[in-house]
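K.L.:
Given only the sequences and the hints, what does the whole structure look like? Please build it.
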Amino acid sequence: MKTEVRGLRFACGREVRDVPALRESFFELAREVFSLGFAPWHRGGYWGEEYRPYVLCSGERVVSCVAVNDIRTRLNGAEKRFVQLGTVMTHPEWRGRGLSRFLMERALADAADADGVYLFANDSVLDFYPRFGFRTEGEFQCRTAVPPRPGRVRKLCMDIPADREALLSRYRSCNNPYSSFPLLENQGLLMFYCGNFWKDGVYLLEDTGLAAITFPGEAGQFLCCELFGEGKAPLSEALGVLAAHFSAGEAVLGFPPADPRLPRFPYREEDTTLFVLEGRESPCPEKGMLPLVSYA
623 MKTEVRGLRF ACGREVRDVP ALRESFFELA REVFSLGFAP WHRGGYWGEE
673 YRPYVLCSGE RVVSCVAVND IRTRLNGAEK RFVQLGTVMT HPEWRGRGLS
723 RFLMERALAD AADADGVYLF ANDSVLDFYP RFGFRTEGEF QCRTAVPPRP
773 GRVRKLCMDI PADREALLSR YRSCNNPYSS FPLLENQGLL MFYCGNFWKD
823 GVYLLEDTGL AAITFPGEAG QFLCCELFGE GKAPLSEALG VLAAHFSAGE
873 AVLGFPPADP RLPRFPYREE DTTLFVLEGR ESPCPEKGML PLVSYA
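Reading the sequence shown from the start, the letters are residues 623 to 918 in my numbering.
Please keep in mind that the hints were generated in silico from the structure rather than gathered at the bench.
Keep in mind that a hint or two might mislead.
[Stated by the list, open to error] List of simulated lysine to any residue pairs, SDA-like, C-alpha gap at most 20 angstroms:
#, residue 1, residue 2
1, Lys702, Asp735
2, Lys702, Ala734
3, Lys854, Lys821
4, Lys624, Leu644
5, Lys909, Asp737
6, Lys777, Glu787
7, Lys854, Ser904
8, Lys821, Tyr917
9, Lys821, His664
10, Lys624, Asp640
11, Lys702, His713
12, Lys702, Tyr917
13, Lys909, Arg757
14, Lys909, Pro885
15, Lys854, Pro882
16, Lys702, Glu903
P.N.:
So this is what it looks like as structure tokens:
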């Protein structure tokens, strides 16, 4: 579809994934602006319908983008659909011409039926999103002492199909039984992380059957981003096995625990602020946080 923005003519659309020239241009822009590599994710077959970039193109060149991410979850026992806006980027040669504003308005119009809309912004653009009705929202992260306990832990290799399936089968069948905000039906976003930045942090807790995405942290800590599986064992048992594996005594959770008794502390990632759309449901009620695996 052809459109005009401040007197300039562009092609505007969402069909990026399946148009090779536009897809490669989108990949190039993401590398230039954010140093993100989308190509391996696409080749792996993980780019699904949940991730939809809205783009403006000059010829076959993507010059601006705002992406819509469908985030489905169970919040307080109810099925919810949130829209997360991300990959907001404009080529340096085309900035200051209202392209991001045009795409934001288009994406928000198409998200009218979502329960809530949110995004994460870096510090350089904090004054941009309130113009569209967004406000900042605080997050709270769980940190808790964990006594180490014995257990068998095996690292999974994301380059081995059987190991990938060990992770994905647990995600698809049970998701995270310990989370108050499980990321549902979005293995594409899961594998964007586990096929790239987190591929060296995937483990199988063989005694409980849980798959864990976890990393050593600061002295005496470890970060548990997600746990997938049936959840027959208490959360303290799974975390205790990981504590022994990392020789740590404190767990930092990358998801909001379903157990309200666990301690939570104000959390803000460096150069990252959560914005939620006014008048819609917040994805972070009652001192919650968005799972790290849901960031897009």
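K.L.:
Please go over all the hints and tell whether each is borne out by the structure.
P.N.:
Here is what the structure says about each hint:
| no. | hint | verdict |
| --- | --- | --- |
| 1 | Lys702 to Asp735 | holds (11 angstroms) |
| 2 | Lys702 to Ala734 | holds (14 angstroms) |
| 3 | Lys854 to Lys821 | violated (26 angstroms) |
| 4 | Lys624 to Leu644 | holds (15 angstroms) |
| 5 | Lys909 to Asp737 | holds (19 angstroms) |
| 6 | Lys777 to Glu787 | holds (13 angstroms) |
| 7 | Lys854 to Ser904 | violated (30 angstroms) |
| 8 | Lys821 to Tyr917 | holds (16 angstroms) |
| 9 | Lys821 to His664 | holds (16 angstroms) |
| 10 | Lys624 to Asp640 | holds (19 angstroms) |
| 11 | Lys702 to His713 | violated (34 angstroms) |
| 12 | Lys702 to Tyr917 | holds (17 angstroms) |
| 13 | Lys909 to Arg757 | holds (16 angstroms) |
| 14 | Lys909 to Pro885 | holds (10 angstroms) |
| 15 | Lys854 to Pro882 | holds (19 angstroms) |
| 16 | Lys702 to Glu903 | holds (10 angstroms) |
This entry does not satisfy hints 3, 7 and 11, going by the numbered hints stated previously.
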